Amino acid sequence: MGPAGLCLVWRDGDRSCLDGDIDQTNADLLRPGLLADVRAGVAEFDLSAVRFFGAAGVRLLLAMRAEASRCGMTMLVVCPPMVRRVLDICGVAVHPAWTLVGPTEPGRAVSPAGES
Amino acid sequence: MTVTVFDQSAFHHSAFHHSALIIDSDEALRDRLAPLIERGVVAREPILMVVTARTEHVIRGILGLTAGRVAWGDRDGFYRSLGAAYETFRRYLIEQHRAGRRVHVVAEPSFDSSELPPDVSRQDAYLSYEAICNRAYAPYGCPVTCVWDSRNQSDGFIGDVRSVHPYEIGPFGRSESPGFREPDAFLQDRAQRRLGAPPAHVDLDIQPTRDLAPVRAAVHAWACDAGFDTVIANDVVVAVSEIVANAFVHGRPPVRLRCWQGGWTLLVQVDDAGGRPIPADAGYMAPISTSPGGRGLWLARQLSDVVLISTDGGTTSVRLHFPHGVSADNRVS
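Heads up: the protein sequence lines correspond to chains A and B, in order.
Under our numbering, think of the first position of the first sequence as 136, with each following residue one higher.
Under our numbering, think of the first position of the second sequence as 193, with each following residue one higher.
Because the hints were derived from the structure by calculation, they are not lab data.
Misleading hints may appear alongside valid ones.
As the list claims (entries may be wrong) - Between beta-carbon pairs, the in silico distance windows are:
{"#": "1", "chain 1": "A", "residue 1": "S204", "chain 2": "B", "residue 2": "D403", "range": "30 to 36 Å"}
{"#": "2", "chain 1": "B", "residue 1": "G486", "chain 2": "A", "residue 2": "P216", "range": "23 to 29 Å"}
{"#": "3", "chain 1": "B", "residue 1": "G455", "chain 2": "A", "residue 2": "D149", "range": "29 to 35 Å"}
{"#": "4", "chain 1": "B", "residue 1": "A226", "chain 2": "A", "residue 2": "P216", "range": "40 to 46 Å"}
Stated by the list, open to error - Computed footprint of chain A on chain B, listed as stretches where at least three residues anywhere in the stretch have a Cβ under 8 Å from a Cβ of chain A:
{"#": "5", "stretch": "222 to 236"}
{"#": "6", "stretch": "319 to 326"}
{"#": "7", "stretch": "403 to 413"}
{"#": "8", "stretch": "474 to 481"}
Claimed, not checked - Calculated Cβ distances over 12 Å to all of chain A for the following chain B residues:
{"#": "9", "residue": "T258"}
{"#": "10", "residue": "R282"}
{"#": "11", "residue": "Q288"}
{"#": "12", "residue": "S313"}
{"#": "13", "residue": "L495"}
{"#": "14", "residue": "R523"}
Given the structure is predicted, the values throughout are model-derived calculations rather than measurements.
Ideal Cβ positions, reconstructed from N, Cα and C, are used throughout, including at glycine.
The whole structure should be built from the sequences, with the hints applied where relevant.
As structure tokens, then:
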């Protein structure tokens, strides 16, 4: 788990995982790499290990979603309840360019780490 | 003043019919609300009633078997925290509009302030939402009638109720409300109100830096110590984090964060030294997906309950209230 206040991102095939806090101090720093992931065809963004997510995180995810739309792709976003709650409150959870699933819900493109 | 006597055709006017029905007795309910509902039922107008048990009992008694033609909404589902109540109604209206339905919503706002400090009124704060819904609910073509009971209310409060409704249902039907004020003017007046000072002793008194992680950890621990479970404490953290972030972006350091308890409520105040008034309607209108910003205060209003904002001298202050029971109910989807 990353240090508080930071967010680590790592790629695992066509899945990118985010671990830590996403806020106004780092969202703009994360943005170029995550948009590049979208363009490179990353299908799944796993936010299960995100510990803080607010307005800056929403803005970041919407930029990624817009990029996916532009590229004619869709995203699967694995959201812990606190991320899903913020997205629901901001009225952006439902959109043709992405599907939001919970960490234990079916529909994930890639098997969870540790499974053969 | 235009008087309309139960003219159903007026409901097809393109204007948003947001009406107050101010009652001071069960007789007034029977004389003013019941005929409105009865005519709607006869005209096969879809009606949703989200009213108190007493009002439901009175109206059902008059409607008899036709009460089944009215939809009776779950009060607990609609009336949670102030922001959530306002947004739940708005999303309901959007849904009806998309389905091509023109539903007459009859709401009876009732907000219990017993958990809050005695100088804070949830229903008074809710009138700011009533004001903004004249703008926010207007696109959906559904008339909304708000029943307010004037018993045990001050004349000033009832005057404010009239200020936020362009129409009133009186003894002779619906008429334009001469006391109506445009939302911007009403909210601007409210923005001039001064906040009382926080108590001398508070639980947390922090001068945050732009790195908000330590502040979030401190607020989360404080909320849990005060009896919130970790999930609800997270709502507090997100709301507070957004306000502090805004203080740095839109205000000016030094920023001060104070947290304390009053009644059965957690209170958080963020002050910044920018002295720039926050727009009176900030955080009331749902952000659209393409807007670059404006979500911070929206999130704070949706995740907390009463939000009071004041600019006094060189200091801008935002005070968030998280009543225990209301905050817990707000998590129930």
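Compute the least Cβ-Cβ separation between R523/B and chain A, then decide whether it is above 12 Å.
Answer for R523/B: violated, closest chain A Cβ roughly 8 Å.
Supplied distance hint 29 to 35 Å, evaluated on CB atoms of G455/B and D149/A:
52 Å Cβ-Cβ, so the 29 to 35 Å window is violated.
Beyond 12 Å from every chain A Cβ - status for R282/B: Check fails; 10 Å does not lie beyond 12 Å.
field: Least C-beta distance between T258/B and chain A, which was stated to exceed 12 Å
entry: With a cut-off of 12 Å, T258/B remains clear of chain A, as the shortest Cβ separation is near 36 Å.
query: Does the stretch 474 to 481 of chain B contain three or more residues whose Cβ lies closer than 8 Å to a Cβ of chain A?
result: holds (count 3)
Original post:
If you look at each residue in the stretch 403 to 413 of chain B, do at least three have a Cβ nearer than 8 Å to any Cβ of chain A?
Top reply: Per the Cβ count (6), the hint holds.
| Given as non-interface: L495/B, which should sit over 12 Å from chain A by C-beta | Not fine: 7 Å to the nearest Cβ puts L495/B too close to chain A.
Task: Pairwise beta carbon distance, S204/A to D403/B, judged against the given window 30 to 36 Å - done: This hint holds: roughly 33 Å between Cβ atoms.
*asked:* Is 23 to 29 Å respected by the C-beta to C-beta distance linking G486/B and P216/A?
replied: Given about 24 Å between the Cβ atoms, the range holds.
Range hint 40 to 46 Å: satisfied by the CB atoms of A226/B and P216/A? Roughly 44 Å apart at Cβ, these two residues keep to the hinted range, so it holds.
(message) If we take the beta carbon of S313/B, is the closest beta carbon in chain A still more than 12 Å away?
(response) Per Cβ check, S313/B is outside 12 Å of chain A; nearest 24 Å; holds.
- prompt: Are three or more residues of the stretch 319 to 326 of chain B within 8 Å, CB to CB, of chain A?
  reply: violated (count 0)
Figure legend: structure checked against the earlier numbered hints; hints not met, in rising order: 3, 5, 6, 10, 13 and 14.
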